[in-house]
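Read top to bottom, the protein sequences are chains F and Z. With our numbering, the residue at position 245 of the first sequence is 486, and numbering never jumps. With our numbering, the residue at position 187 of the second sequence is 729, and numbering never jumps.
Honestly, the hints are just simulated from the structure, not real lab data. Ideal Cβ placement from N, Cα and C applies to all residues, glycine included. Take these hints with a grain of salt, some might be off.
Stated by the list, open to error - Simulated crosslink set (DSSO-like; lysine-lysine; CA at most 30 Å straight-line):
| hint | chain 1 | residue 1 | chain 2 | residue 2 |
| --- | --- | --- | --- | --- |
| 1 | Z | K653 | F | K379 |
| 2 | Z | K620 | F | K414 |
| 3 | Z | K749 | F | K379 |
| 4 | Z | K662 | F | K409 |
| 5 | F | K405 | Z | K647 |
| 6 | Z | K737 | F | K414 |
| 7 | F | K409 | Z | K727 |
| 8 | Z | K653 | F | K414 |
| 9 | F | K419 | Z | K653 |
| 10 | Z | K620 | F | K419 |
| 11 | F | K409 | Z | K548 |
| 12 | Z | K647 | F | K409 |
| 13 | Z | K739 | F | K409 |
| 14 | Z | K549 | F | K379 |
| 15 | Z | K653 | F | K405 |
| 16 | Z | K719 | F | K379 |
| 17 | Z | K749 | F | K414 |
| 18 | F | K259 | F | K414 |
| 19 | Z | K676 | F | K405 |
| 20 | Z | K610 | F | K379 |
| 21 | Z | K681 | F | K405 |
| 22 | F | K414 | Z | K610 |
Said to hold, decoys possible - One side only, chain F facing chain Z, incomplete, derived with CB under 7 Å:
| hint | residue |
| --- | --- |
| 23 | T334 |
| 24 | S343 |
| 25 | T347 |
| 26 | S382 |
| 27 | S386 |
| 28 | K409 |
| 29 | D456 |
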Amino acid sequence: MNETQFRLKYGMVIDLDKCVGCGACMVACQSENNLYVRLDESDKLRSTTWMRLYRINNGEKFPEAKFSFFPRPCMQCGHHTPCVSVCPATATTVDEEGGIVSQIYTRCIGCRYCVAACPYHVRYFNWWDPVFPEGMEKSLSPDVSPRMRGVVEKCTFCHHRLMKAKQKAAMEKRRDLKENEYITACTQACPTGAITFGDLNNPEHQVAKLAARPDAFRLLERLGTEPKVYYLTKHDWIRKLADNYLPEEDFRNVKKQKH
Amino acid sequence: MEKAEKKEYSPAVIGWFLCVVGFVGALFVGWVIFPALLYSSMEQPFPFNHKAHTENAGMGCDECHVFKQDGFFTGIPKLARCMDCHESLQGKSEAEKKFQAYGQKLMEEGKEIPWLVYSKQPDCVYFSHAAHVKMGQQKCETCHGPIGTSEQPRVYKKNRITGYSIDIWGRRISGIKFNTWDRMKMDDCGECHDKNKTSNACFVCHK
Chain F
242 MNETQFRLKY
252 GMVIDLDKCV
262 GCGACMVACQ
272 SENNLYVRLD
282 ESDKLRSTTW
292 MRLYRINNGE
302 KFPEAKFSFF
312 PRPCMQCGHH
322 TPCVSVCPAT
332 ATTVDEEGGI
342 VSQIYTRCIG
352 CRYCVAACPY
362 HVRYFNWWDP
372 VFPEGMEKSL
382 SPDVSPRMRG
392 VVEKCTFCHH
402 RLMKAKQKAA
412 MEKRRDLKEN
422 EYITACTQAC
432 PTGAITFGDL
442 NNPEHQVAKL
452 AARPDAFRLL
462 ERLGTEPKVY
472 YLTKHDWIRK
482 LADNYLPEED
492 FRNVKKQKH
Chain Z
543 MEKAEKKEYS
553 PAVIGWFLCV
563 VGFVGALFVG
573 WVIFPALLYS
583 SMEQPFPFNH
593 KAHTENAGMG
603 CDECHVFKQD
613 GFFTGIPKLA
623 RCMDCHESLQ
633 GKSEAEKKFQ
643 AYGQKLMEEG
653 KEIPWLVYSK
663 QPDCVYFSHA
673 AHVKMGQQKC
683 ETCHGPIGTS
693 EQPRVYKKNR
703 ITGYSIDIWG
713 RRISGIKFNT
723 WDRMKMDDCG
733 ECHDKNKTSN
743 ACFVCHK
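This is chain F alone, in the form it adopts within the complex (with noise of 0.2 Å):
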């Protein structure tokens, strides 16, 4: 597979270590693209979350008991993407400027193959259509539109907050966005400035900068999927669980090995 090399490159990186885990990028991502809430939103197996955030321990006890919290979008393979690869319909694929992979809703039939061939479980099938409790349509945003039944939907890096930046940039003539001038709504609502959003081709961006870091890692990473979200942390248990490895292996070097 030739993959289009890209000028630009969006990614995020998440500080493990600054999550508090209080779900305000869940809550952020949910109003900002007009994800529907269920009847029971208490049954997590089938609630919509295009950013999910997780829950994970070190499974020791008493007093060596650690645990974390694992904010998880899109992860935007840039390599390989499994779902793309997978999509008989052309629904969903990485052909833009910035790498995000695309989705598009009225394209999709809803074989759900991409939803078994991603890795990461960041993929929702909408097996009712969108019910918003009275009201709550008059705040849905004009911007992204609604999934119905039959499709499937996943986090997009707000895609449409880019258009918006490129349409004021169009605006001023110009064709470069500017650092920090289009960011997630997770990036925005998050309070402790975990997630760094931005251009990971580019040196001079913040998010480029912490990918670099020696402490930087990315889920799965020895897929060969190629994530644009890497993750940041401290604690070298939380870095083992983020991939299957042998109890003596050394993590640390996974990032050099190539596919």
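Since the structure of chain F is already known, use the hints to place chain Z on it.
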């Protein structure tokens, strides 16, 4: 008894005749009857005269159809903008007097003119006027046609199934295209993007 001689046609002639009748009939059904059933015709709430504004009053498109500073295109102006000028009569025409009365009545009721938007795109489409007009230097006519010189608004035809305006499919039901503004379908956007070497990635226009 002598039987009147009947004129006999060969089966081939009858066959061709039926073929032509069937073809023309099918075309008639497809191009005349079906569209007439499929599209409902609606009149605009007020017969707006573009020509009176552009040619007679010498205004440009961007005097009413304005951009906001962040690049948001406001489209059809609000009634208040119309009434800014038409608060007092600008000319002597009957139409203007009628509009003034109509506008003032709506203003008192706190309503807007319920214009029907010919080029309204489906929900899944993202379109930025700023990217096309400010950055791409495209003219309004390229997509909207010579609407600025029209004296009467066209009849708005709405697809009874999809709810979209016929301008999206193209007013010529056969789908034949002579001008860039004849149709507003995805392929038409893509064609121009190809020509101008702009990206045709899905997410460039879809949301």
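Each hint tested on the structure:
Between Z/K653 and F/K379 the alpha-carbon distance is near 19 Å, which keeps this suggested pair within the 30 Å criterion. Restraint check for Z/K620 and F/K414: the C-alpha separation of about 27 Å stays at or below 30 Å, so the hint holds. Between Z/K749 and F/K379 the alpha-carbon distance is near 19 Å, which keeps this suggested pair within the 30 Å criterion. A threshold of 30 Å between alpha carbons decides the hint, and for Z/K662 with F/K409 the separation of about 22 Å falls inside it, so the pair holds.
The suggested pairing of F/K405 with Z/K647 is violated, with an alpha-carbon distance near 36 Å, which exceeds 30 Å. Only pairs whose Cα atoms come within 30 Å are accepted, and Z/K737 paired with F/K414 is accepted, the gap being roughly 21 Å. A C-alpha spacing of about 25 Å is found between F/K409 and Z/K727, which places the hinted pair at or below 30 Å, so the restraint holds. Proximity of Z/K653 to F/K414 is assessed by CA-CA distance (about 36 Å); at most 30 Å being required, the pair is judged violated.
With a C-alpha separation of about 40 Å, the suggested pairing of F/K419 with Z/K653 is violated against the 30 Å cut-off. Straight-line distance between C-alpha atoms of Z/K620 and F/K419 comes to about 33 Å, which puts the hinted pair past the 30 Å bound. Of the supplied pair hints, the one linking F/K409 and Z/K548 is violated, its CA atoms being roughly 80 Å apart against a limit of 30 Å. At roughly 37 Å between alpha-carbon atoms, Z/K647 and F/K409 are farther apart than 30 Å, so this suggested pair is violated.
Between Z/K739 and F/K409 the CA atoms are separated by roughly 21 Å; this keeps the pair inside 30 Å, and the hint holds. Under the criterion of a C-alpha separation no larger than 30 Å, the hint pairing Z/K549 with F/K379 is inconsistent with the structure, at around 74 Å. Taking the CA atoms of Z/K653 and F/K405, the gap is near 29 Å; set against the 30 Å cutoff, the hint holds. Straight-line distance between C-alpha atoms of Z/K719 and F/K379 comes to about 39 Å, which puts the hinted pair past the 30 Å bound.
Only pairs whose Cα atoms come within 30 Å are accepted, and Z/K749 paired with F/K414 is accepted, the gap being roughly 23 Å. Straight-line distance between C-alpha atoms of F/K259 and F/K414 comes to about 38 Å, which puts the hinted pair past the 30 Å bound. Restraint check for Z/K676 and F/K405: the C-alpha separation of about 14 Å stays at or below 30 Å, so the hint holds. Annotation: proposed proximity of Z/K610 to F/K379 holds, straight-line Cα distance about 23 Å (limit 30 Å).
Under the criterion of a C-alpha separation no larger than 30 Å, the hint pairing Z/K681 with F/K405 is consistent with the structure, at around 22 Å. Distance restraint check for F/K414 and Z/K610: the Cα-Cα separation of roughly 14 Å lies within the 30 Å cut-off, and the hinted pair is therefore satisfied. Checking F/T334 against chain Z by beta carbon gives a least distance of about 5 Å; that is within 7 Å, so the hint holds. The restraint placing F/S343 at the interface with chain Z holds, with a minimum CB-CB distance near 4 Å, inside the 7 Å limit.
With a least beta-carbon distance of about 5 Å to chain Z, the hint placing F/T347 at the interface is held under the 7 Å criterion. Taken as an interface hint, F/S382 does not check out: its beta carbon lies about 10 Å from the nearest beta carbon of chain Z, beyond 7 Å. The closest approach between the C-beta of F/S386 and any C-beta of chain Z is roughly 5 Å, which is under the 7 Å cut-off, so the hint is satisfied. Given the 7 Å rule on beta carbons, the hint for F/K409 holds: about 5 Å separates it from the nearest Cβ of chain Z.
For F/D456, the shortest C-beta to C-beta distance to chain Z is roughly 32 Å, which exceeds 7 Å, and the interface hint is violated.
Comparing the model with each numbered hint stated earlier shows that hints 5, 8, 9, 10, 11, 12, 14, 16, 18, 26, 29 do not hold.
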